[in-house]
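> Take the sequences, apply the hints, and build the full model.
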Amino acid sequence: MTEKNASPVRVEKKFFTFAEPPDEMVLDSGARLGPITLAYETLGSLNDDKSNAVLILHACSGDSHVAGSYDEDDKRPGWWDNMVGPGKPVDTDRYFVICSNILGSCMGSTGPSSINPATGKPYGFDFPMVTIKDMVKAQKHLIDHLGITKIMSMLGGSVGGMQVLRWCADYPEMVQSAIPIATTTRHSAQAIAFNEVARQAIMSDPNWRGGNYYDDPGPDHGLAVARMIGHVTYLSDESMRSKFGRRLQNRSTLSFDFNGDFEVESYLRYQGSKFVERFDANSLLYITKAADYFDLERGDGNLLVNDALADIRFLVISFTSDWLYPTYQSKNLVSALKKNGSDVSFCEIDARWGHDAFLMPNEQMDKLISGFLERMSYEC
Amino acid sequence: MNAEVESVENTRFDLQIIASWIKPESRILDLGCGNGDLLHSLKQHRQTHGTGIELSENKVARCIERGLTVLQGDFREEVNDYPDLSFDYIILSQTLQQVMEPEELIPELLRIGRKVIVSFPNFGHWRIRLQILFSGQAPVTDQLPYEWYNTPNIRVITIRDFKRFLRIAGVRLAREVAINTHHHDREGHIIKNLTNLRATYGIMMLERPA
Chain H
1 MTEKNASPVR
11 VEKKFFTFAE
21 PPDEMVLDSG
31 ARLGPITLAY
41 ETLGSLNDDK
51 SNAVLILHAC
61 SGDSHVAGSY
71 DEDDKRPGWW
81 DNMVGPGKPV
91 DTDRYFVICS
101 NILGSCMGST
111 GPSSINPATG
121 KPYGFDFPMV
131 TIKDMVKAQK
141 HLIDHLGITK
151 IMSMLGGSVG
161 GMQVLRWCAD
171 YPEMVQSAIP
181 IATTTRHSAQ
191 AIAFNEVARQ
201 AIMSDPNWRG
211 GNYYDDPGPD
221 HGLAVARMIG
231 HVTYLSDESM
241 RSKFGRRLQN
251 RSTLSFDFNG
261 DFEVESYLRY
271 QGSKFVERFD
281 ANSLLYITKA
291 ADYFDLERGD
301 GNLLVNDALA
311 DIRFLVISFT
321 SDWLYPTYQS
331 KNLVSALKKN
341 GSDVSFCEID
351 ARWGHDAFLM
361 PNEQMDKLIS
371 GFLERMSYEC
Chain S
1 MNAEVESVEN
11 TRFDLQIIAS
21 WIKPESRILD
31 LGCGNGDLLH
41 SLKQHRQTHG
51 TGIELSENKV
61 ARCIERGLTV
71 LQGDFREEVN
81 DYPDLSFDYI
91 ILSQTLQQVM
101 EPEELIPELL
111 RIGRKVIVSF
121 PNFGHWRIRL
131 QILFSGQAPV
141 TDQLPYEWYN
151 TPNIRVITIR
161 DFKRFLRIAG
171 VRLAREVAIN
181 THHHDREGHI
191 IKNLTNLRAT
201 YGIMMLERPA
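From first to last, the protein sequence lines stand for chains H and S. Residue 169 in the numbering used here is what sits at position 169 of the first sequence, and the numbering runs on without skipping anything. Residue 179 in the numbering used here is what sits at position 179 of the second sequence, and the numbering runs on without skipping anything.
Treat the hints with caution; some may be incorrect.
To be verified - Here are the simulated DSS-like pairs of lysine-lysine, each with C-alpha atoms no more than 25 Å apart in a straight line:
#1 LYS50(H) with LYS150(H)
#2 LYS367(H) with LYS23(S)
#3 LYS367(H) with LYS59(S)
#4 LYS331(H) with LYS59(S)
#5 LYS192(S) with LYS339(H)
#6 LYS339(H) with LYS23(S)
#7 LYS23(S) with LYS43(S)
Claimed, not checked - What follows is a list of derived Cβ distance ranges for each label pair:
#8 ARG164(S) with SER377(H): 49 to 55 Å
#9 ARG241(H) with ARG160(S): 52 to 58 Å
#10 ASP237(H) with LEU55(S): 23 to 29 Å
#11 GLU57(S) with PHE262(H): 30 to 36 Å
#12 ASP237(H) with GLU104(S): 36 to 42 Å
Stated by the list, open to error - Computed from the model, here is a short list of chain H residues facing chain S with C-beta under 7 Å:
#13 TYR214
#14 ASP343
#15 SER345
#16 CYS347
#17 GLU348
#18 LYS367
#19 LEU368
#20 PHE372
Hints in this document: simulated from the structure, not taken from any laboratory. The beta carbon of each residue, even a glycine, is placed where N, CA and C say it ideally should be.
Structure below.
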């Protein structure tokens with residue numbers, strides 16, 4: 001893992017459109033949606049027998065820009081640039097990496113801010129409810145389009161981890177191995193509660209207008225508050241204590257007003273306002289709802305307890321300070337997978353950064369993922 | 001990764017004996033697998049399908065890094081999830097003396113595995129007996145190098161004690177070897193006579209009664 005001085009990795013955002021009417025994709029809810037466009041990016045090259053594909057699933061507000069940069073002016077590399085690239089744990093010199101933007105998002109894939117072909121206007125709240133199952137179904141269209149029948153490994157954290165598990169439940173024959181990180185088999189009441197507060201922040205903003213705000217100023221304030229709530233759940237008591245403590249922002253005494261005294265307030269406000277610039281409020285409503293609906297243990301037992309999953313190799317990773325998807329939820333997942341006779345490894349990494357830990361550079365996680373992928377590359 | 005150069009010969013002598021009992025391509029569960037030396041050498045030399053369980057995060061990470069399948073956790077809890085006869089062999093090497101409830105653990109292991117292989121330091125060794133007799137203090141040896149106040153070994157087991165336990169628990173002893181080790185347990189030889197007096201370790205393969 002050396003390439004400090006290596007030439008920058010260039011990537012290109014591509015688009016794949018399918019489900020053109022009358023062949024719309026049938027959603028979990030029974031509604032039909034089409035055409036659907038997915039934005040995606042790839043790194044590395046697919047080998048001749050198409051056995052080196054690694055699919056990366058992004059989290060709630062992520063995008064297809066997993067690593068590298070678009071051009072010289074692109075100052076921000078992809079969101080997992082420390083993990084993905086030449087000589088990195090997900091080594092693009094060896095593996096063909098694919099990352100697509102999820103259905104319902106606003107970063108290039110079809111979502112509520114996309115134009116509804118029936119009306120010529122953005123869908124807004126006419127966009128049908130999509131679930132994690134629908135997101136994965138759409139990704140499968142893309143993988144089929146790329147001519148890949150078996151994915152060597154798929155990995156993702158948080159909502160990305162839910163997609164990993166949904167892939168295993170719905171298309172086990174296409175998955176050789178899976179790395180669900182900091183995730184869960186079902187959204188807990190606590191996680192739903194935080195999402196609902198975030199949604200209410202958006203929907204109670206007068207500018208939200210029932211979701212039809214695309215011609216007017218949007219619900220920026222509500223969206224910023226929603227993001228602030230999200231950020232609190234991504235951190236931990238310990239990480240906030242070490243990052244901010246009770247330090248004051250640009251002042252030495254208390255202000256005795258409500259303009260914000262503390263660094264932590266300033267940080268959350270900054271994160272909120274930065275998020276408004278790049279993300280659509282309706283997309284956040286739809287994606288958080290999809291996460292809340294996620295439950296692989298609903299109905300007739302656990303969808304992960306299935307002999308069809310017996311040949312998938314799993315590496316499950318959790319973090320000690322993650323209280324959004326605490327370790328017990330990963331252990332429940334491991335416990336279900338053991339019943340299939342699946343080959344499953346599990347490691348709880350000691351990290352103080354809360355749920356966010358999965359995106360932070362971490363030597364232990366690098367070792368786990370590179371070692372596991374190495375094994376997969378010769379076991380397939 | 002230079003893991004490939006390691007071989008059975010470089011591992012602990014009791015593990016060499018255990019490895020020799022394992023049939024090729026069998027399914028193995030190694031409880032308290034440490035850095036995965038046994039699992040790794042079995043995978044290399046016997047093409048086994050192994051899983052390890054280990055409490056230490058760093059050791060688990062080391063195992064996964066070298067391409068092994070390992071679960072982080074307390075094996076007393078982790079074993080409960082497995083369906084019956086999930087494994088051909090379950091290995092409990094030099095760990096039994098640290099287990100709180102062996103009376104419950106051994107039958108549970110025989111539920112999920114066809115055979116259970118146990119190795120433990122023999123507290124009946126003559127050196128231990130002499131230490132108690134002459135010094136009047138809790139014995140400290142190469143195999144049990146701790147003082148009473150810092151030892152993880154909460155059980156004292158002799159080969160004779162363990163066999164008596166197997167009779168009471170109705171467990172069949174399929175195979176047994178007693179060994180005397182030296183050079184940090186990497187070398188040793190098999191003891192045939194007066195094992196409970198002369199052996200530093202007992203190694204036994206357990207089965208459910210036919």
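> I'd like to know which numbered hints this structure contradicts. Please list them from smallest to largest.
2, 5, 13
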